[in-house]
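Spelled out from the first residue to the last, the chains are:
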Amino acid sequence: MSLECGVFHTRYESDMGLRPRPAQRIRLGAFAVFVLVFPFLAGPYWLDLANQIAIATVGAIGLNILVGYTGQISLGQGAFMAIGAYSAGLLTLNLGLPWGVSIALACVITAVAGTFFGLPSLRLKGLYLAIATLAAQEIVEWAMTHWTAVTGGTEAIVVPAPRLFGVRLNSTFAFYWFGVAMAAGTALFAANLFRTRMGRAFVAVRDQDIAASVIGVNLFRTKLLAFATSSFFVGLAGAMIAYYRTIITWERFTLDTSIVYLAMIIVGGLGSIRGSFFGAALITLLPAMIANAGRALQDTAPVVAGLLPYAQQAVFGVVIILFLIFEPKGLSKLWGNVKDYFHVWPFAYRRG
Amino acid sequence: MDIFLQLTVSGLSTGMIYALAAAGFVVIYKASDVINFTQGDLLLLGTYLIFFAIGQIGLPWSLGVLVTVLLAVAVALAIERLVLRPLIGEPIISMIMVTIGLSSILRGLVNAIWGPAPRSFDSFLPEGSVVVGPAVLSTGRLLSIPIALAVLAALGLFFRHTRDGIAMRAIADDQQAALSMGISIPRVFGVAWALAAASAAIGGIMLAGVVGVSPNVASIGLRVFPVVILGGLDSIKGAVIGGAIIGLLEAYTGGYVGHGLNLVVPYGVLILVLMVRPYGLFGKEIIERV
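Heads up: the sequence lines are chains W and G, in that order. If you count the first sequence from 1, you need to add 30 to reach the numbering used here. If you count the second sequence from 1, you need to add 32 to reach the numbering used here.
Everything labelled a hint here was simulated from the structure, so no lab data went into it. Even glycine gets a Cβ: it sits at the ideal position worked out from N, Cα and C. There may be inaccurate statements among the hints.
[What the hints assert, rightly or not] Some chain G residues close to chain W (C-beta under 7 Å, calculated; not the full set):
{"hint": "1", "residue": "GLY133"}
{"hint": "2", "residue": "GLY140"}
{"hint": "3", "residue": "VAL296"}
{"hint": "4", "residue": "VAL297"}
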């Protein structure tokens, strides 16, 4: 929280508020109204995209806690999502647990698994940690496809549709509310997390781990906690996918998934919660928009339309690279620039 | 025994292709500390370029190989100049993501140009097989081993005896000292990428001859990581020996154990090495620990 000119707090409550300024509350309110009205105006196609964004936001915030805030690079996002999805599905199928309980347990199981995979981070840093998590990803992927007794191998697992008060929750409209609630809850938790001692310790470990340990941050505990907290939400995202699609296949949780989520937080902004949402939205919408362009071009230029699946792949790479070169702090910084521009408009205002 | 011999040859030939890709990775890592996720896509590019040169244009194989290597080097130089130069000194996560982005672009382009279906062309590696006792060994695979070793040896000699090679070692040792001795760092980074691309292109050419031309080739890129971690991140010798060990392990587990375990064994080795000896067999023992 930075101090801004022209803002004077006279009460501790307002000083401690997450969104102390009226403009911030108005923006949040406008966004909330949009979120509430959106499902009544949008068709199933857009609702489905919104649901995907909600799930991706949960996963991206989870990954950002680990990568953006704690500085531990993980290529194992897909594996953790898989653990969340498979545990949620299998707990219901094998033990007959209600879906809510399964999802909660799946989050805990993923958190435990994440802590286990986080153990190498105590010895390994940067590149080495990235490669260790890459290995973990490959091993989990292998387990998904070959440990047939538990995961069903390459066959898909079908889970029963979740029901709440007699409403099937996996329709696009019903799931929207669940997804939005989960995404908002995750964002709220994360926003508050980084105001606590634990969250500050995460950031201290990222910025300078030796200095952090000198001022009394227990590196061992902090890194493992970061892995646990992060994978809790990543597992939640995985479990949400399981119950949204009601079908679990290993293809959703490959290394490519890890890369897509890393791209989300890079494009959105490392160490930023709103950035996680922006990134999740952009990276989810981008391929959909290219596919739409493909359908539009199908009749006029079929050759171009045929190339679009590959264009999706190439554009994905181009977007990552452009952001890394021109705006490494991501969409979150761009949004900040826009806000700063209008902060004391029409006068120029430069933060910090 | 005949199976053992066959597995050994196929393991070694795959391992040598890994070694070629890994050597490129090592060269770039040594010179510029960049973790290169595009190594597999440079292999992919190599297989498609040789297919293009020999199968589509109809060049003789010697010219085809030359064209392939030159084109791959040109692509690598463009990558280095346009994408990596502006990012010198950025944090590791940026370097990882930028090469992942590049890998995505290269894969998209290769698929857009040549399509996703596997292609085939008359292999320039001799067809047929050699019979050793009870074992039947494919000539192409047998031949790929000495070719790869020759290329890797040339790379080693380059480091030892040429001006650019020595400059590269100087930069790897101490960038600032090298800079103050008048070594041009951009030039050396360019040379590193050119070498990595050439090495990967030759690996790709051999893959095209031994395995065939298909988009799946890119997935081999990930095998580079077990190889370089086992061999040591900054050692070409390590890349060769690591490549051989990983290739053989894969072949033996694939042949004797099955269950797709050959896909996962390299990563098991990787984790074991990271736990016990993170600098690998031949790497420098300075690794950043917490």
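Of the hints given before, which are not true for this structure? The structure conflicts with hint 4 only, although it agrees with all the remaining ones.
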